[in-house]
Amino acid sequence: MNRDQLARIAVGDDERGGVSRRAFIKGSGAAAAATAIAQGAIVMADEAPTSTAVVGPEATAITMTVNGRQRTVSAEPRATLLEVLRTQLDLTGAKPVSSDGSSGASTVWLDEKPVSASTTLAIECEGKSVRTVETLGGVKPDPVVSAFAAHDAMQCGFCTPGFVVAVRAFLDKNPTASEDEIRAGLNGNLCRCGTYANVIAAALDVVKGGSNG
Amino acid sequence: MAEYSWPRRGTTSLIDTEQTRIDGVAKASGAAKYSCDINPKGTLVARAMGCPHAHCKIKSIDISLAKDVPGVVLVSPAKAIGDEIQWQGDIIAYVAAETEGAAAEGVAAITVEYEMLDVFVDDQHLAAAEAADRTGKPLSNVQLVNEPGDDEDEEAFEEAEIQRLLEASDVVVEGNYGINVITHMCMEPHGSTCEWNGDQLTAHLSTQNVSGTAGQFADPLGITASDVTVHCDFIGGGFGSKFAADSWGVACAELARQTGRPVRLMLDRDIELKTAGNRPSGFIKVKIGADKNGVVQVWDSQQWGTSGASGGGVSQGVVPYVFDPENRRRTATSIATNAGPQRAWRAPNHPQAAAITHTAYDDVAAALGIDSYDVFLRNLDSVSNDKADVYRAQMERAAELMQWKSKWHAHGKGEKKGSVVTGLGMGIHTWGGGGHNSTCRITIHPDGGVETALGSQDLGTGTRTVIGIVVAETFGLPLDAVNVKIGSSSYPASGPSGGSTTVAGVSESNRRAAQDALAQLNELVAAKLGVGAADLVAKEGRIQASGDASKSLSWKEACALLGMTPLEVNGEFRRGEPSSLSSSQVAGVQMAEVAVDLDTGIVKPLKFVAVQDMGLIINRKTAASQIYGAVIMGIAYSIFEERIMDLQTGAFLNAELADYRLPRLGDIGEIVVDLWEPDSEYERGVVGLGEPPVISPGAAISNAVANATGVRVPVLPLTPQRVLDALGSA
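The listed protein sequences derive, respectively, from chains W and H. Going by our numbering, the residue at position 99 of the first sequence is 100; the numbering climbs one at a time, nothing skipped. Going by our numbering, the residue at position 554 of the second sequence is 1933; the numbering climbs one at a time, nothing skipped.
The shape of chain W in the complex, shown without the other chains:
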C-alpha cells in the first residue's frame, strides 16, 4: 500500500464505530506487522483536520454486547476483535488461522452480519453487538451444530466453528438452498482435513429440517 492509497483511506472513511479513521490508522500498525505503513499513516493523519477525539495507542475502554451481555474490555486500538474475544472473554470458538480473513475460521456475527473477527478491530465494535459460535452450542445445540455432528462434518475441527457460523448465516438468508446453491455459496471457509463433502450433507440436512436439535 503506498502513501496515496493510505491517504485515500485516511480521508475516505472518517467515521467508523464512533472512532475516527485517523485514530484507527494511528494505532493499527503492528497488528499486521506493518510498522512502516503505520508510520506513514501517522504523518498523514496528523496533517488531516479532524474534530473527533483521538484514542490510543495505549489501551482504551471498549464496550460492546457479546452474546447478549454487555461487556467492557480494555484493548489497544490495534487489537483485533478476535484477540479480544479469545484472550479477554474466553470465547475461543473463533480461531486464528489467517490474519487476512481468507480462511473464514474466525467468522462471528457483528450486528447480525457475519464478519471475520481477525480483520475486524475491537474498537470498531464499540456499541455494537457481537455474537459468536458459542451461542449455537450448549445443551440444546443449534440444528447446524447437530447436523455437523451427525454428518461428521469435521475432522480436526479447527475450521469447524467458523464453518458452522458461515452455514448458519448462509441458511438464515437462504433457508431453502439447493445443493448447487450450497456449493456456490459457502466458499469463504477453508478446511485442510477435507470435510467439505460432509459439510454439504450437513447443510442440506438442515434445509430439509433434519437434525433439528
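What the hints contain is simulated information worked out from the structure, not anything from laboratory work. Watch out, some of these pointers could steer you wrong.
As the list claims (entries may be wrong) - Cut-off 16 Å, straight-line C-alpha distance, at most; resulting in silico cross-link-like pairs (EDC-like, lysine to aspartate or glutamate):
hint, chain 1, residue 1, chain 2, residue 2
1, H, K1666, H, D1549
2, H, K1420, W, D91
3, H, K1412, W, D112
Claimed, not checked - Chain W is nowhere near these chain H residues, computed Cβ spacing over 10 Å in every case:
hint, residue
4, R1400
5, D1441
6, D1703
7, V1799
8, I2011
9, P2042
Beta carbons are placed, not taken as given, at the ideal position from N, Cα and C, and that holds for glycine.
With chain W's structure known, arrange chain H on it following the hints.
Chain H alone, transformed into the frame defined by chain W:
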C-alpha cells in the same frame, strides 16, 4: 486371559457401525479447547521473527529497540552471530509481550545485519542443480532377470540389457513427470502454551505425539521428562508435521520460565509454511518398454527432487509405484535447496511416487490406444505386495461406481462440448499401517462408571470415539457410558499418530484391557449368580448367563460387587507382535473423472471414486470421513496447491493462506467412498486408514486430464498455466 478376539461379524452393536463422534458437538460449537485456546491468567503472547533471506550469515542482532517497545516483556535471540541461515523463515528471535500488537511491534523493531550468500532453489532442473553443485551422488538400484557373466562389467551389462529390453518391447514410452513441493498447512499452526509451577512444566502442545514429547522439552531445559506434562486435548491438524516439541516449543517454555508467566507461542502462518515442514518434490525422466497388451517389460528412470537444505527428494524405493517389473533400473539424485526442511506428509513418498509413475503407465495405454483400466489390470501380476487379487476386485467395484466402461474413450478422443473435454483416470496404492505401541488403563468404578486413559491423541480421525466404541462394545454398554481420557502424557504411554497406526494400536490396548477387566468382573458375577464365569455375556447394559436371561445383573449391580476399590486393568500392545486383533497392509483403487476447459486450462473434478480396504472397521462414519478428506487433500495437491519459490531470492512467494491456493467447498465435485470390507477384511482385524486414500489422487487426476485432452501435463499441480503450456506444446 490370553486369547483376545473381536466379536463375530454381525453380532456387534457399535463396532463396524456408524457412530457419531463423541466430541462432535464440542468441536462444532467452539467448546473444544485446542493448544492455542489455552489461556491461563497472565499469559504472554510470543511471536517468532523469521529470516527474510533464504541463504545468509548473521552479522549482528540488535534487540535494544525491541526491548523498549511498550508491552514487550522479553526479547530472546534464537541465533548467534555467524550462524548460517539455510532458508527463508528460519527463526532468528522471539518476542514475548502483553498483546499481539506489542509482540508484532517488537519483532519489527529487531535489527539484524546479514551477509548474503548464494541462493539455489531450483529443484525442477537437474542440470541447473548440477551446475550449482547442489546435487548428491546419484543412487542406482537395478533389478534384471538376466545376470552378467563373471568377467562382464556390471554397469556395462546393465546398460546393454536395458537397451536390449527396450528394443525388444512392442512400444516404448518416454516421458517426464513431476510433482511440486507442498506444505502441511495445518489450520492450527505449530505451537504451544507453556506454564511452570515451580520447576514443573506443563506444555499445552499442538502435537501428534502426546506420549513422546516430554523428553524433548526436558533435555534442552535442563530438567527431566518426569518434570514435564504434555497436554493436547484437540489438535488443529498435523498430517505428519507435529511429532516434535520443536525448537519453538522449547523456546516457549524458556520464555515462560524467564518471564515467570505462562506464554503462548504459535507460529505465524508464513513462518509455519516456510519452516515447519513440507512434502518433498519429485521429478522423473522415464523410459518404459511394454508388450502390445501394455504389460511393462522394462522400466528405466532417472529421478531428482528436494527435501530442503539437506537434499532428499522422493525415495526411489517406491519407484515405479506398487508395480515392480522384473527388469528395472532407477537412479535418484538428491538436490539441496535453500528451502525449509521436509517433514513426514501423510503417506511419505507414496503420493509423489504414484503421481510420477502411474502416469507413465497410463501413457503406455495412450500410446497403444487401449483402455487404461486394462493396462493397470494386466500389470497387476507385478505388484510388490500380495494384493493382486484385492486390486482386481477393487478395480471392478470402482469401475462399477464410476461407470468406467460406458464412459471410457481413448485418450484425446472424447466428445468436445464447446471448449470442454472430459476424461477418466485411475491409480492404485498400498500402505502398511498396523498398530503402534499402546498401553491403556481401564478403570471400572464400583458405581458402574467406566473410564479408559492413554496418552494418545485425536488428530481428527475420531480416535477418541474409536476408543469409546471398543470399550463400550466389550462391556455391552452404550458409547456414552465410557469416559475416554486421552491427550496427556500423564496417562499410560501410547504411540505417536503417524503412518496409519493409531486406530489399530489403541483398539488393541483397549480391547485387551477391556476383555481382561470383564473377565475379572465376571468372576465376581459368576459367584453371585451361581453360574460359570465363561457362560457370562455382557450386553445391553447387563451381565447375564448366556441362554438364561433370568440369571443376570445390571452393569451397575455387577460393578457394586467390586466393593470399595475400583478395578484397574492395563492393556498393552507392542508393534509387530502377532495378534488376531490387528494386522497390516492395505490396497486401494481410485478413479477420477474430470472436465478440462481447453481455452482456459481449468481442470474441474466431476466425480471421484475411492474404494478402500482397511481390515475391520471400528467406526464406519469416521472411516468414511477419512477417505473423503484424503480425496479432497488429493484434489488439492493435484490441481491447486504448491509452494512457489522465487528462483533469484529463494523467497517463498505464496506463504500466506490467501495466496496458497487450496480447494474450497465448491471445487470438489462428487466424491463416492466405498468402504471395502468383505468378511476376509473383518476377520483380519484393524489395520489403519489415514495414509492410503491420499496416495492415488495425483495419478488418477493427472491420468484423467491426459485422457480428456490427449496431452500429458507433466508436473502437478495441474494449474491452468501448466495445462495451457502442455496443450500449446503438443
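Checked hints:
1. Simply put, H/K1666 and H/D1549 have alpha-carbon atoms about 13 Å apart, close enough for the 16 Å limit, and the pair holds.
2. Using a Cα cut-off of 16 Å, the hinted pair H/K1420 and W/D91 holds, with the two alpha carbons roughly 11 Å apart.
3. Between H/K1412 and W/D112 the alpha-carbon distance is near 26 Å, which puts this suggested pair outside the 16 Å criterion.
4. Chain W draws H/R1400 into its interface by the beta-carbon criterion, the shortest separation being 6 Å against a cut-off of 10 Å.
5. At roughly 16 Å, the least C-beta separation between H/D1441 and chain W is larger than 10 Å, which holds for a residue marked as non-interface.
6. The claim that H/D1703 lies off the interface holds: its Cβ sits roughly 30 Å from the closest Cβ of chain W, which is beyond the 10 Å cut-off.
7. Distance check for H/V1799 against chain W: the nearest CB is about 18 Å away, which clears 10 Å, and the non-interface claim stands.
8. The beta carbon of H/I2011 is not kept farther than 10 Å from every beta carbon of chain W, the shortest such distance being approximately 3 Å.
9. Distance to chain W contradicts H/P2042 as a non-interface residue, since its nearest Cβ pair spans about 8 Å, not more than 10 Å.
In summary, the structure is inconsistent with hints 3, 4, 8 and 9 from the numbered list given earlier, while agreeing with the others.
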